[in-house]
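So the protein sequences, as listed, match chains F, L and A. Residue 180, in numbering that gives the first Met the number 0, is where the first sequence stops; the numbers in between run on with no holes. Residue 662, in numbering that gives the first Met the number 0, is where the second sequence stops; the numbers in between run on with no holes. Residue 154, in numbering that gives the first Met the number 0, is where the third sequence stops; the numbers in between run on with no holes.
Just to be clear, a hint being listed does not mean it is correct.
[To be verified] Listed next, with one range per pair, are the computed distances between beta-carbon atoms:
hint, chain 1, residue 1, chain 2, residue 2, range
1, A, Lys19, L, Phe590, 24 to 32 Å
2, F, Ala107, L, Phe590, 55 to 63 Å
3, L, Tyr58, F, Ser91, 54 to 62 Å
[As the list claims (entries may be wrong)] In the SDA-like style, the derived pairs of lysine to any residue whose C-alpha atoms are separated by at most 20 Å in a straight line are:
hint, chain 1, residue 1, chain 2, residue 2
4, A, Lys32, A, Asp53
5, L, Lys308, F, Val24
6, L, Lys511, A, Ala52
7, A, Lys63, L, Arg520
If you're looking for bench data, these hints aren't it; they were derived computationally from the structure. The model shown is predicted, which means the values in this text are computed figures rather than measured ones. A virtual CB, placed ideally from N, CA and C, is assigned to each residue, including glycine.
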Amino acid sequence: MLRARFLLPLAAFAVFAAVIAVLGVGLTLDPRLVPSPLINKPAPAFTLPELEHPDKTFSKKDMLGKVWLLNVWASWCVSCREEHSTVLALSSSGVVPVIGLNYKDERADGLRYLARLGNPYQVIAYDHDGRVGINFGVYGVPETYVIDKTGVIRYKCIGPVTPQIVRDKILPLVKELNRNA
Amino acid sequence: MIPELGQFALVLALCIALVQSIVPLVGAARGNAAWIAVARPAAQAQCLFIVFAFGCLTYAFVSNDFSVIYVAEHSNTELPLAYRVAAVWGGHEGSLLLWTMMLGLWMFAVSIFSRSLPEEMVARVLGVMGMIAIGFLLFMLLTSDPFTRLLPAAANGRDLNPLLQDPGMVFHPPMLYMGYVGFSVAFAFCMAALIDGRLDATWARWMRPWTTVAWSVLTLGIALGSAWSYYVLGWGGWWFWDPVENASFMPWLVGTALVHSLAVTEKRGAFRSWTVFLAILAFSLSLLGTFLVRSGVLTSVHAFAVDPKRGIFILAFLAVVVGASFSLFAWRASKVGLGGRFAMVSRESMLLTNNALLLVAAGAVLLGTLYPLVLDALNLGKISVGPPYFDAVFVPLIAPALFLMGIGPLARWKKASAPDLALRLRWALAVSFVAAIVVPLLMGHWSSMVGFGIFLASWITASSLVSFKAQFAHVPKGQVVARLAQLPRSYYGMILAHLGVAMFIVGVALVKGYEVESDVRMDVGDTAHLHDYTFRFASIDKVNGPNYTADRGTIVVTRGDKHVVTLHPEKRVYTVQNMPMTEAAIDAGFFRHLYVALGDPLSPTSWVVRLYYKPFVSWIWGGCLLMGIGGLLAAFDRRYRVRARAAAARAVAVAGLNPTAAR
Amino acid sequence: MLKLLALLLALFLAGSALAKEAAPASPDPALEKRAVALEKQLRCLVCQNETIADSRAELAMDLKKEIREKLKAGMSEKQIKQYLVARYGDFVLYKPPVMATTVPLWYGPFALLLAAVAGLFYYILRRRRSVAAQPLSEAEQARVRALLDSSEGQP
Numbered sequence: 000m001l002r003a004r005f006l007l008p009l010a011a012f013a014v015f016a017a018v019i020a021v022l023g024v025g026l027t028l029d030p031r032l033v034p035s036p037l038i039n040k041p042a043p044a045f046t047l048p049e050l051e052h053p054d055k056t057f058s059k060k061d062m063l064g065k066v067w068l069l070n071v072w073a074s075w076c077v078s079c080r081e082e083h084s085t086v087l088a089l090s091s092s093g094v095v096p097v098i099g100l101n102y103k104d105e106r107a108d109g110l111r112y113l114a115r116l117g118n119p120y121q122v123i124a125y126d127h128d129g130r131v132g133i134n135f136g137v138y139g140v141p142e143t144y145v146i147d148k149t150g151v152i153r154y155k156c157i158g159p160v161t162p163q164i165v166r167d168k169i170l171p172l173v174k175e176l177n178r179n180a
Numbered sequence: 000m001i002p003e004l005g006q007f008a009l010v011l012a013l014c015i016a017l018v019q020s021i022v023p024l025v026g027a028a029r030g031n032a033a034w035i036a037v038a039r040p041a042a043q044a045q046c047l048f049i050v051f052a053f054g055c056l057t058y059a060f061v062s063n064d065f066s067v068i069y070v071a072e073h074s075n076t077e078l079p080l081a082y083r084v085a086a087v088w089g090g091h092e093g094s095l096l097l098w099t100m101m102l103g104l105w106m107f108a109v110s111i112f113s114r115s116l117p118e119e120m121v122a123r124v125l126g127v128m129g130m131i132a133i134g135f136l137l138f139m140l141l142t143s144d145p146f147t148r149l150l151p152a153a154a155n156g157r158d159l160n161p162l163l164q165d166p167g168m169v170f171h172p173p174m175l176y177m178g179y180v181g182f183s184v185a186f187a188f189c190m191a192a193l194i195d196g197r198l199d200a201t202w203a204r205w206m207r208p209w210t211t212v213a214w215s216v217l218t219l220g221i222a223l224g225s226a227w228s229y230y231v232l233g234w235g236g237w238w239f240w241d242p243v244e245n246a247s248f249m250p251w252l253v254g255t256a257l258v259h260s261l262a263v264t265e266k267r268g269a270f271r272s273w274t275v276f277l278a279i280l281a282f283s284l285s286l287l288g289t290f291l292v293r294s295g296v297l298t299s300v301h302a303f304a305v306d307p308k309r310g311i312f313i314l315a316f317l318a319v320v321v322g323a324s325f326s327l328f329a330w331r332a333s334k335v336g337l338g339g340r341f342a343m344v345s346r347e348s349m350l351l352t353n354n355a356l357l358l359v360a361a362g363a364v365l366l367g368t369l370y371p372l373v374l375d376a377l378n379l380g381k382i383s384v385g386p387p388y389f390d391a392v393f394v395p396l397i398a399p400a401l402f403l404m405g406i407g408p409l410a411r412w413k414k415a416s417a418p419d420l421a422l423r424l425r426w427a428l429a430v431s432f433v434a435a436i437v438v439p440l441l442m443g444h445w446s447s448m449v450g451f452g453i454f455l456a457s458w459i460t461a462s463s464l465v466s467f468k469a470q471f472a473h474v475p476k477g478q479v480v481a482r483l484a485q486l487p488r489s490y491y492g493m494i495l496a497h498l499g500v501a502m503f504i505v506g507v508a509l510v511k512g513y514e515v516e517s518d519v520r521m522d523v524g525d526t527a528h529l530h531d532y533t534f535r536f537a538s539i540d541k542v543n544g545p546n547y548t549a550d551r552g553t554i555v556v557t558r559g560d561k562h563v564v565t566l567h568p569e570k571r572v573y574t575v576q577n578m579p580m581t582e583a584a585i586d587a588g589f590f591r592h593l594y595v596a597l598g599d600p601l602s603p604t605s606w607v608v609r610l611y612y613k614p615f616v617s618w619i620w621g622g623c624l625l626m627g628i629g630g631l632l633a634a635f636d637r638r639y640r641v642r643a644r645a646a647a648a649r650a651v652a653v654a655g656l657n658p659t660a661a662r
Numbered sequence: 000m001l002k003l004l005a006l007l008l009a010l011f012l013a014g015s016a017l018a019k020e021a022a023p024a025s026p027d028p029a030l031e032k033r034a035v036a037l038e039k040q041l042r043c044l045v046c047q048n049e050t051i052a053d054s055r056a057e058l059a060m061d062l063k064k065e066i067r068e069k070l071k072a073g074m075s076e077k078q079i080k081q082y083l084v085a086r087y088g089d090f091v092l093y094k095p096p097v098m099a100t101t102v103p104l105w106y107g108p109f110a111l112l113l114a115a116v117a118g119l120f121y122y123i124l125r126r127r128r129s130v131a132a133q134p135l136s137e138a139e140q141a142r143v144r145a146l147l148d149s150s151e152g153q154p
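Let the sequences and hints guide you as you build the complete structure.
See below:
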């Protein structure tokens, strides 16, 4: 009799304890973050005109055999300005080539942006209508991908890259990927 | 000066709350009449100070005092007066103050309308409410002070979000919070009874009207929110299963179960511990809702922009309240007796089944709302759970409960006869089947979903009529009117509320089944046809509002050759935040809405126009209104209000006629 | 001045002469209907609280275009959903797919229902046995009669 009496409040208590635990963990998570399903999958193949040289094209396969970064940016994106100095620093260190993907932008605006703030990119692919971006699962610029020698995406950073992310996530990963054949 | 006074008033309220939660409770335990007597004046003083603080914040808004950060973030000199007042609860800090003020007002009401209750009980109830107030006042003063200054003061404010600049904002949050907080009264009554060790039928009788009023107000608050989103968001939807909407729906479901469980506890003395359990659950879900809105844990269109650190405080508060109350329940519930017997087929068993079904439905909503978070927390991926899930899961779960609504009111207490019920309800069943087939065909085409809905609605209506007719079974013709007057308000309340549910189902089924939409490209002078109405795009003009500029269309609606209405949909741009807003134009008829919204302009004289014909959509909120009125009617039943009756009821209970009280 | 008036008059007359039945906003209403029905099941990743159908975000508009093109090209709704999930993950679907991690989500409510019904039966049956009826004393029976007489007919 007593056990049955306790069963209901105990069950309810257990459920609520579980709910509170989940909510507590939830406080440390960002509900808006959408993890990429393309991690450890081949990056989508693409061929785009270059931003600076419209008659030339850039393809994903141009970078096969190298570990590289793809940084998605746009002149209209405010957060991109935040990360620009970090990207410049990373690129000038020469550790890893940084390729830009100018997303849904006007050519003139993109070029002007780079002229004013500096150009960290080895090459910039110009994605005017955003289709390559959709294939990469881009939803919030800026985004940065680390792609290995076989063209597989190994890491995606959503939002501006900070020096901390470069130090803790990107550089170690690049080093490890470079070590592998 | 005024903001500082407001802040000081909150500090004073906190001090009083501390006194209110300790002194009366100790006094009740020791039988110290003087200490017990502290409860009422403390509650009243606390309420006054909180109301004063609220008044100070309102004054800051009305007088455009942008030296207060909160005012600068949510107001603007161009904002019309009514919205400057509504902006008080437009953000996290102010809405907390609104929550606390509602608590204060409920405390005040309990302190006044409880003269017929024993003093120790009132002391305990107010003591528990005082503890809740401590939590919220501390939360405000430590982490979310609405009176924080901004120095130097801003020249002008950031303006209230244009989506909130609407009459809906004036009524929806206060009503909703009044309902949420009202469950704290039921909670406090239960805690008081558990502490006392006495949960008799009279305790249920005292608790019932308070709970019913809170439930009614919550019903109206949710309905207001739904109606508001319907006309403001421009797409004609009225429920999105958004996490915060679910957070208000779950306490409502549990509250409905509680109101019905209280009926059994009051009348038959049974389900006492179950009632206590439901009250704790309902209030816990209210607190959970408060947490979800302001913690940033779930994405929601209703979420306040708050940092997760504040979420920790509310979570801790939630854990303490729920943990303590369930612990108290587990400890003391064994002292509570079982109450009267009842058969497998009886009103009690049907109400218990109704309760179980409502809880399962609430559980399903909780599961769907929190599941994405659970998976994310366990690192198992990120999913979305939206309307397709809830629609698929909720409807089958609630349908049996809706069906039972037809049988319950006719079943006798203690022991009902299934064959007898079947006999009495056979015509109701037949009528419902016929309506289920005929109505969809009348509306245009058959749909099994609509048929099912109409069946349930007709069933509830027809069986309510059977129940009503049965009240006059042995009444001679001349005494019918006397009998009408003799029927208690709680009976009328029940019938009205149940009819409200039926009306709601009709609205949902018919609008989902038969609404028509047309997206057309209109040049000035063009006409479009929808259903049997003709819409002519007469003109498009530029207008200026107090804090916005707009393109205003004029659409003339005719039917045959009769003019029906002239509608003025607008596309506004609010100047301060530079935010565009679609202001739909609605011709709200009892049997249908004509809903017109401007899409995007294709040229200065050519626009995309969205036309909707929505049959019976107002029955959705009409049904909720009936539910709310029914609840309020039942709460003000004579038997709760006459002191002599209450005293007599107590005497009866004590004398032992109710076999469960003596334990 | 006169020329201006003449021009305005001409425009006005031309306008009313051209007043016609409004064309549907989309050139293919059937396709549009399918597209909107699909969009209502997809989450906008930018605003995150709206469906792609309701959202005005840039990405939502791009995806709406993609969906229409793919429907026209003959892709089924299922294939389009797979296309989007491959790029954005399950998060983009408002109707969570039934997979190993969502079995509790989809079957939980009905399991709960079964448990509740079983619990109900168990409880009501057990209760009948445990609560014995208490016979009333003479005085109590007299009181019952008196009360019944006074509250005749009240439900």
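Hint by hint, here is what the structure shows:
no.: 1; hint: A:Lys19 - L:Phe590: 24 to 32 Å; in the structure: holds, 31 Å
no.: 2; hint: F:Ala107 - L:Phe590: 55 to 63 Å; in the structure: holds, 57 Å
no.: 3; hint: L:Tyr58 - F:Ser91: 54 to 62 Å; in the structure: holds, 57 Å
no.: 4; hint: A:Lys32 - A:Asp53; in the structure: holds, 14 Å
no.: 5; hint: L:Lys308 - F:Val24; in the structure: holds, 12 Å
no.: 6; hint: L:Lys511 - A:Ala52; in the structure: holds, 17 Å
no.: 7; hint: A:Lys63 - L:Arg520; in the structure: holds, 18 Å
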